[in-house]
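Quick mapping for you: the protein sequence lines, in order, are chains A and X. Residue numbering for the first sequence follows my numbering, starting at 1 and increasing by one per position. Residue numbering for the second sequence follows my numbering, starting at 116 and increasing by one per position.
Read the hints as simulated data drawn from the structure, not as lab findings. Values in this document were obtained by computation on a predicted structure and should not be read as measured data. We put the beta carbon where it would ideally sit given N, CA and C, even for glycine. Careful: at least some of the hints might be erroneous.
Here chain A is said to cover these stretches of chain X; the calculated rule only asks that three of the stretch's residues, wherever they fall, bring their Cβ under 8 Å from a Cβ of chain A [what the hints assert, rightly or not]:
no., stretch
1, 146 to 157
2, 184 to 191
3, 200 to 212
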Amino acid sequence: GAGVSQSPSNKVTEKGKDVELRCDPISGHTALYWYRQSLGQGLEFLIYFQGNSAPDKSGLPSDRFSAERTGGSVSTLTIQRTQQEDSAVYLCASSLVAKREAEQYFGPGTRLTVT
Amino acid sequence: TQLLEQSPQFLSIQEGENLTVYCNSSSVFSSLQWYRQEPGEGPVLLVTVVTGGEVKKLKRLTFQFGDARKDSSLHITAAQPGDTGLYLCAGNQFYFGTGTSLTVIP
Chain A
1 GAGVSQSPSN KVTEKGKDVE LRCDPISGHT ALYWYRQSLG QGLEFLIYFQ GNSAPDKSGL
61 PSDRFSAERT GGSVSTLTIQ RTQQEDSAVY LCASSLVAKR EAEQYFGPGT RLTVT
Chain X
116 TQLLEQSPQF LSIQEGENLT VYCNSSSVFS SLQWYRQEPG EGPVLLVTVV TGGEVKKLKR
176 LTFQFGDARK DSSLHITAAQ PGDTGLYLCA GNQFYFGTGT SLTVIP
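Take these sequences, add in the hints, and give me the full structure.
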């Protein structure tokens, strides 16, 4: 079946512009996660959704970052007034349920470059 | 923030050699997962361990969860070029380690 998809795969934007990153999870997965990864580094947790609700927003780096999920499916991560330090690969994952031992299925990521 | 430190950060070995990657923290985790990530792709789950002292084997890979559930190790026997990638540990699902980049030279 179809895996997690993300769009765009690459995004180059100018400093100060807003960007929207999209994630389509695996059908039927109730939990959805966003992470950020700098080149060759570990993943930094941003936010997760259980259904359309975000119980844990603690990882969002600043108030320029926001995310929403609609219909228990597609999620959008929005970064306003982008800065150069926002440049990274943004990864989305989904899991059947939001349990600590649940397997997360990751998308290929969106590579964001802020010039 | 629950930090997970991985060591070594980089590892380059010859095909056929054995290696161990470590994942350490001062925090206790109820679960710990290991993922492997290849360039341009998202991480793929290798194993989940939930019990202190637990050992799991996946072909040539052996995973161990520390008795105190603060650390874990991944041992690869007779490494192959297909094992090349970034190995990541993750505690309680969200907290990822710093990563170990493994290169196996044919």
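Against the structure, the hints:
no. : hint       : result
1   : 146 to 157 : holds (count 5)
2   : 184 to 191 : violated (count 0)
3   : 200 to 212 : holds (count 9)
Hint compliance for this structure: hint 2 is the single one not met.
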